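With the numbering used here as the guide, the letters of the sequence shown map in order to residues 11 to 533.
Hints in this document: simulated from the structure, not taken from any laboratory.
Zero decoy hints are in this set.
The calculated label-pair distances, taken between Cβ atoms and stated as ranges, are:
#1 109 <-> 20: 22 to 30 Å
#2 188 <-> 446: 33 to 41 Å
#3 372 <-> 188: 21 to 29 Å
#4 376 <-> 76: 38 to 46 Å
#5 414 <-> 291: 43 to 51 Å
#6 384 <-> 120: 39 to 47 Å
Distance condition first, Cα-Cα at most 27 Å in a straight line; then the derived BS3-like pairs of lysine-lysine:
#7 300 <-> 395
#8 238 <-> 283
#9 238 <-> 100
#10 360 <-> 460
#11 395 <-> 283
#12 360 <-> 283
#13 395 <-> 360
#14 466 <-> 360
#15 526 <-> 360
#16 238 <-> 300
#17 100 <-> 526
#18 395 <-> 466
#19 300 <-> 360
#20 395 <-> 460
#21 526 <-> 460
#22 107 <-> 526
#23 466 <-> 526
#24 300 <-> 283
This one's a predicted model, so the numbers in the text were calculated from it and none came from an experiment.
For every residue, glycine included, the Cβ atom is placed at its ideal position computed from N, Cα and C.
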Amino acid sequence: LGVSPNPRPCVAECALVVGIGHDGMWFFPIDLPTGQQYGKRYRARSDEGMLCLNHEFGGNSHVLGKSAPESLEDVRLSQHVHGVSVLRIKEHFDGWKVEASENARRITVNTPVAFAGPAAGSPLLENPAGNMPLGTVNNCGSGPTPWGTYLTCEENFNGYFGSADLNSDEFNSVRTEEQSRYGFDFDGFGYGWHFFDPRFDLTNPEYVNEKNRFGWIVEIDPFDGAQKPTKRTAMGRFKHEAVAIAESSDGRIAAYMGDDQRFDYCYKYVSNKPWERAIELGESLLDDGKLYVARYNDDGSGEWLELTIDNPLLAERFEDQAELLIYTRLASDLLGATPMDRPEWTTIGKDGEVYWTLTNNSQRTVADAANPFSPNNDGHIIRTKDAGDHLGNSFTWEIYLLSNDTRGTEGVFTDPDLAWADNSGRLFIGTDGGQPDGLQDQLTVIDTTKDVPEPKRLLVGVNSDEVTGFTVTPDRRTAFVNLQHPGNGNPASTNFPALPDGFTVPRDVTLVLRRKNGAIVGS
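From just these sequences and the hints, can you work out the full model?
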């Protein structure tokens with residue numbers, strides 16, 4: 011899906027075609043005519059639906075064919091390949107195809123968005139320039155809601171900002187504590203947007219708070235193309251990797267989220283109302299709830315520490331709950347949360363347990379119970395179980411799998427990233443990093459009902475890609491998986507999915523895996 015015959019589309023085309031850097035995604039079956047009772051959509055159709063697809067990143071050499079933009083037009087081209095695609099897809103006798111739909115659309119860093127929740131309306135989200143809130147960027151993992159919407163997660167947003175006038179030393183002399191904690195520097199990741207688009211210039215006083223508008227979870231309705239994507243501020247601002255929602259017996263939800271950076275934290279958001287009741291009242295339960303950060307104790311117990319301005323320790327540092335949520339990382343530091351080895355995806359197992367992928371941490375020098383290697387080059391997976399049907403303030407935890415322990419086995423893998431569990435006990439893991447035994451990044455599956463995890467390899471990627479993003483149809487006979495940045499976008503490395511020719515630009519692709527006569531076949 012989404013493979014263009016042209017090496018590099020122009021600016022106008024980029025706003026209309028599938029983007030680059032495929033990552034998290036979800037398949038939403040087309041509704042039956044009476045499919046909305048209390049907002050919950052029937053999930054019956056497996057041959058047609060809306061596919062929401064994240065576009066995490068694309069480097070200048072890949073997107074522009076040069077190391078840096080030379081004009082605002084170049085910047086717009088780069089901006090338009092980021093964001094989210096909402097596609098209507100349908101299965102035909104010769105495969106899945108993209109269909110026309112009034113709800114199909116591209117959501118880029120220049121698309122109007124809304125803010126909701128405790129931080130909406132905060133002065134820290136307003137600019138002297140008076141520009142309206144626009145866009146989403148570095149959309150990494152994702153997750154569906156029980157009421158049929160898509161949550162896309164903004165991860166390394168800091169990399170798109172820089173200073174047009176200051177060098178490194180000059181910028182560091184004026185960088186604030188908040189900018190430092192979120193990883194802003196004078197040149198970002200080298201995208202160069204800040205030289206031509208003042209929104210991304212950290213030292214432009216007219217756009218002083220533009221940076222605070224990114225780092226959120228964004229809710230998108232795949233069935234309403236006219237609705238603005240909404241940034242849900244109650245869920246905190248950090249480098250969101252993905253989100254997984256568990257529904258409690260009383261209808262409230264708990265959303266589990268990782269902050270993907272070395273030595274950052276695991277989070278949980280719990281709604282104050284049951285989700286069906288909130289929809290009846292015309293409210294979003296993602297705007298009304300409590301946010302927690304995790305502390306892992308050495309004895310296998312853990313605590314969820316509430317991030318609230320009612321805590322005197324936090325009230326001393328922050329003006330109000332809005333400021334606390336905008337600078338969630340600083341609040342978590344003050345509460346003494348446990349620094350982890352890059353918490354990435356989360357997923358809910360068949361019995362309500364939560365799996366957390368910890369991809370790696372080459373900078374760890376002191377191991378602890380929850381992060382048992384220093385350095386942690388291969389990563390690991392933690393399994394937690396919350397007290398109180400996902401609503402409690404405590405949990406138990408265990409190391410579910412150390413990637414290093416898979417070495418020498420048929421299912422060897424390292425650097426776990428993508429994670430998705432089905433209700434039959436299967437745990438799918440995608441990888442992001444150098445794999446052992448000459449393998450490329452891969453998709454593995456683990457039977458969690460067994461006492462000892464035994465990874466089985468389902469798919470191997472291509473040169474220098476990442477295997478990320480996974481979703482299935484309701485009948486679980488079709489799965490979709492993404493191969494991100496084959497060859498890191500370098501035609502000299504690979505021309506995938508085209509045949510080798512040395513010049514065709516490789517493209518991110520969504521693969522379709524179909525179950526046929528008891529076996530999985532690919533297309």
